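Numbering (the numbering used here) for the sequence shown: 1 to 79.
Just so you know, the hints here were simulated from the structure itself, not pulled from any lab data.
It should be emphasised that the depicted structure is a prediction, and the values quoted were computed from it without experimental measurement.
C-beta: ideal position from N, C-alpha, C; glycine also.
Among the hints, a few may not be true.
Said to hold, decoys possible - DSS-like cross-link-like pairs, simulated, lysine-lysine; straight-line CA separation at most 25 Å:
hint	residue 1	residue 2
1	K32	K66
2	K35	K66
3	K66	K4
4	K57	K35
5	K4	K32
6	K57	K32
Said to hold, decoys possible - Using C-beta positions, here's what the derived DEER-type ranges look like:
hint	residue 1	residue 2	range
7	R10	A53	30 to 40 Å
8	A30	K4	14 to 24 Å
9	P46	L69	17 to 27 Å
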Amino acid sequence: MHNKRIAAFRENPGGAWTPADFEITASQYAMKFRKATGTHVVFTHPSTLYCAAIPLKAAPRSVHVKAFLEMIDRMEEID
1 MHNKRIAAFR ENPGGAWTPA DFEITASQYA MKFRKATGTH VVFTHPSTLY CAAIPLKAAP
61 RSVHVKAFLE MIDRMEEID
């Protein structure tokens, strides 16, 4: 699946991303996310054992973006 936001994540993983950017992308990939309490939003998908956590209040670092992209890549490998 081609996604402009995914391409932007790959080009600039250290960009000024917000949790909403990840939530929008996650909904396009049918990922589930939870943020009931705590400091992070956790993204999951039933097709993979991996998850990705993105901070709610602090700016996501490139390591967070790369983990999110890795999870999407693993989901696409399975499909």
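So, going through the hints one by one against the coordinates:
no.: 1; hint: K32 - K66; in the structure: holds (18 Å)
no.: 2; hint: K35 - K66; in the structure: holds (20 Å)
no.: 3; hint: K66 - K4; in the structure: holds (16 Å)
no.: 4; hint: K57 - K35; in the structure: holds (12 Å)
no.: 5; hint: K4 - K32; in the structure: holds (20 Å)
no.: 6; hint: K57 - K32; in the structure: holds (20 Å)
no.: 7; hint: R10 - A53: 30 to 40 Å; in the structure: violated (19 Å)
no.: 8; hint: A30 - K4: 14 to 24 Å; in the structure: holds (18 Å)
no.: 9; hint: P46 - L69: 17 to 27 Å; in the structure: holds (19 Å)
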